[in-house]
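Colleague: From first to last, the protein sequence lines are chains A and B.
The first sequence begins at 74 in the working numbering and counts up by one.
The second sequence begins at 96 in the working numbering and counts up by one.
Hints may be right or wrong, so weigh each one.
[What the hints assert, rightly or not] Examples of chain B residues toward chain A, derived with CB under 8 Å:
| no. | residue |
| --- | --- |
| 1 | Asn147 |
| 2 | Asp148 |
| 3 | Phe162 |
| 4 | Phe173 |
| 5 | Pro174 |
| 6 | Asn176 |
| 7 | Arg228 |
| 8 | Ser229 |
| 9 | Lys260 |
| 10 | Ile264 |
| 11 | Val265 |
[Said to hold, decoys possible] Only pairs whose alpha carbons sit at most 27 Å apart, straight line, appear in this in silico DSSO-like list of lysine-lysine:
| no. | chain 1 | residue 1 | chain 2 | residue 2 |
| --- | --- | --- | --- | --- |
| 12 | B | Lys260 | A | Lys395 |
| 13 | A | Lys445 | B | Lys260 |
| 14 | B | Lys156 | A | Lys445 |
| 15 | A | Lys264 | B | Lys192 |
| 16 | B | Lys149 | A | Lys445 |
| 17 | B | Lys192 | B | Lys273 |
None of these hints come from the bench; they were simulated from the model.
Predicted, not measured: the structure shown is a model, and the values here were computed from it.
Note that the Cβ used here is the ideal one computed from N, Cα and C, for glycine as well.
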Amino acid sequence: MKKTKNENINNNSVGVVETRYFTFAEPGREFQFESGDTLGPITLAYETYGRLNRDKSNAILILHALSGDAHAAGVHRGLDDKGWWDDMIGPGKAFDTDRYFIICSNVIGGCKGSTGPSSVNPSTGKPYALDFPFITVADMVHAERHLIDYLGIDKLLCVAGGSMGGMQVLQWVASYPERVKSAIPIATSLKHSPQQIAFNEVIRQSIMADPAWREGNYYEFGQPEKGLSVARMIGHITFMSDQSMEEKFSRRLKNDKFGFGFDADFEVEGYLRYRGANFVKRFDANSYLYITKAIDYFDLSGGKLIPQGKAINTRIMVISFKTDWLYPPYQSQEIVRTLKRRRVDATYCELTSTYGHDAFLIEVEEQTILIKHFLDKTFNGYLVAGNDGLS
Amino acid sequence: MMDSHNIPLDHRIIYSIVEDGSRVLDLGCGEGELLYPLVRDKRVRAQGIELNDKAIQECVKKGLSVFHDDIENSLREFPDNSFDYVILNQSMQEVKKVDYVIQEALRIGNKVIVGFPNFAHIKSRLMLFFQGRSPITGSLPYLWFDTPNVRFLSITDFKNFCEGKKIRIVEAHYLGEKEVVRFRPNLFALNAVFVLTNHL
C-alpha cells in the first residue's frame with residue numbers, strides 16, 4: 074500500500090500492549106440475544122491504551138469492522154503485530170493516548186478472544202459451531218455496554234469506528250444516547266442495500282459450498298480453507314476502488330509473460346490469493362458467516378436512529394469517502410438527512426481518496442485533522458452546536 | 096462584544112441582526128467566520144453548509160457543526176421552521192436555482208438574511224458605459240471568465256423579486272466600502288443585506 078502521503082504522520086506508538094478478558098452473563102444471568110436466545114457465560118477480549126482520568130470523562134470506545142479485533146494499536150510482547158488502527162491511535166495521534174483512554178473490544182460472535190461459534194460450549198466440551206445464537210449489531214453493542222459498565226465508565230467521550238464499526242457507533246447512539254457524548258461513524262450506513270447483502274450472500278455461499286465446512290462442524294478437521302479464502306477475496310475486491318487497483322496492480326504480470334494456465338498470471342490474482350490464504354490462518358469461517366449476517370440484519374433507517382420525540386445531546390461527525398463504492402457516500406448522506414429531519418446539529422465530511430472502502434484505514438491525514446479537533450472540542454468544551462447549551 | 100477591527104461590514108451587520116440564543120443555519124459558511132463570533136458571544140446554535148474540504152476542516156477546528164453539501168441540495172430534509180435565521184451571505188449569487196433556495200430558506204427559517212453584491216453600483220455602470228467592459232468592483236472583484244457568480248443582480252432587482260414573490264422585507268442595509276450607505280443605495284452601495292420573512 075502506498076504510504077508516501079502519510080510521511081508527516083506521527084509514528085509514535087502506544088508500545089507493547091496486552092489483551093485482557095472480561096467475562097459476564099454467568100449462569101442465572103445469561104445474555105439475552107436479539108433473536109430471543111440466551112447464552113452465558115460470555116467473554117469479551119479487549120485492550121486499552123492511555124489512562125482513564127479521575128472523573129472518567131476521557132474514555133473513547135473504538136469499534137472494529139468485520140474482520141477486526143481488540144488489537145487496535147501497539148504491538149504484543151515479542152511480536153511485530155501492529156494494531157489495525159495503529160496510524161490513528163497513539164501519543165499525539167487522532168485518538169491521542171496522552172489525553173484519552175482508548176478501549177477496543179472484539180465483538181461477540183467474533184473469533185479473536187471473545188465468545189463466538191468457535192468457542193467451547195461448556196455444556197458439551199465442543200465448539201458451539203452453529204449452536205451459537207445468531208448475533209446482531211445491537212447484540213454486539215449490548216455486550217460492549219457490559220464491558221463499559223465493568224470499567225466503571227458512565228459516559229463515553231466518544232464512540233468511533235468504520236464500516237461495521239460505524240454501524241456499532243450508530244447503534245450506540247440509538248440504544249444508549251445518554252452514555253455517548255460524541256459519535257464518529259465512518260464509511261458506514263444505516264442499513265445494507267440489496268447490493269451489499271448480495272456480496273455478503275456470495276461470501277457466505279462460498280464458505281458453505283466448501284465440503285470442508287461440514288455444516289459448520291469442521292473444528293476437528295480444520296477450516297474450510299478454499300471457501301473461506303474465496304470469501305475473503307470477494308471482500309477484498311469490494312474494499313478497493315477501480316482506481317486504487319489500477320494504481321496498485323494495473324495489468325502487471327507476475328512473470329513477465331502469460332503462463333497459458335490457471336495459475337495466477339496477474340499481480341492482482343496473486344494478491345487476492347495471498348490475502349485469501351492468509352485469512353484462513355487468522356479468522357474462523359463460522360464467525361465470518363455470523364458476522365456478515367449481523368451486518369445484513371442491521372437497519373436503523375426510518376427514524377430508528379433517533380426515535381421520534383427523543384432529544385439527543387450526542388455530538389455527531391459523519392465521515393465518508395468519495396471512491397468508496399461498498400459503503401458509498403450516499404449512505405452517509407442518508408445518516409445526515411436523518412439528523413436534519415430530527416434537527417440535530419452535526420458535521421459531515423466527504424473526503425477525497427482513491428482507496429475506496431479501505432480509505433478509512435489508510436487515509437490518515439485528513440481523518441486525523443478532523444477527529445483530533447472534533448475530540449478536542451468535545452472534551453474541552455466546545456462552542457455550543459450541541460443541544461445541551463454552551464459549555 | 097465583537098471586535099470590529101478587520102471584520103467586514105456585512106459580517107458586523109449580520110452579527111448585530113441575529114438575536115442571542117437563536118438557531119442559525121449558514122448556507123455557504125466558509126471557514127465559519129460569521130458563525131464563530133455568533134456562537135462565541137451570542138450563544139447561538141449554529142449549523143453550517145459548506146462544499147470546500149479545507150473550509151470544513153477550519154469549521155471543525157472552531158468547534159462548529161458543518162455539513163459537506165452544496166446549497167441547493169442541502170435544504171430539502173430540514174423540517175419547517177427549523178431555524179430562527181437562515182443566512183445566505185455572499186452565496187446567493189453563486190446559486191443557480193435562486194428562487195427555490197430563497198423559498199426553501201423561508202420555509203425552514205423564520206427569517207432569512209441575504210447579503211449580495213450590487214451589480215448596479217456606479218463603478219459598474221461607468222465601467223460598462225465608458226470602457227464597454229464587464230464590471231469589476233470592490234464587491235464584484237472577478238474577471239468574467241473566472242467568477243464563481245452565476246447571478247448578477249442589483250438592489251432594485253432584488254426588491255422587485257421580493258415584491259413579485261410576496262416576500263416581506265423586514266430590514267434593509269446598504270453597505271459601502273466601510274460605511275453604511277443611505278443616499279441612493281442602488282447607485283452607491285457595493286453590498287446589500289436584507290432580512291426577509293414569509294410571516295406577517
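Colleague: All the hints need checking, so say for each whether the structure fits it.
Modeller: Here's how the hints hold up against the structure:
1. Asn147: violated (11 Å)
2. Asp148: Since chain A brings a Cβ to about 7 Å from B:Asp148, closer than 8 Å, the hint holds.
3. Phe162: Holds: closest Cβ of chain A sits about 5 Å from B:Phe162, inside 8 Å.
4. Phe173: Given a least distance of 5 Å, the restraint on B:Phe173 holds.
5. Pro174: Since the shortest Cβ distance to chain A is 6 Å, the answer is holds.
6. Asn176: violated (10 Å)
7. Arg228: Not OK, violated: B:Arg228 not within 8 Å of chain A, min 37 Å.
8. Ser229: B:Ser229 check fails; min Cβ-Cβ to chain A is 33 Å, beyond 8 Å.
9. Lys260: violated (25 Å)
10. Ile264: Result: violated, 27 Å to nearest chain A Cβ.
11. Val265: Where the cut-off is 8 Å and the nearest Cβ of chain A is about 24 Å from B:Val265, the hint is violated.
12. B:Lys260 - A:Lys395: violated (38 Å)
13. A:Lys445 - B:Lys260: violated (46 Å)
14. B:Lys156 - A:Lys445: The given pair, whose Cα atoms are some 9 Å apart, holds under the 27 Å limit.
15. A:Lys264 - B:Lys192: violated (32 Å)
16. B:Lys149 - A:Lys445: holds (15 Å)
17. B:Lys192 - B:Lys273: Outside the cut-off at roughly 31 Å; violated.
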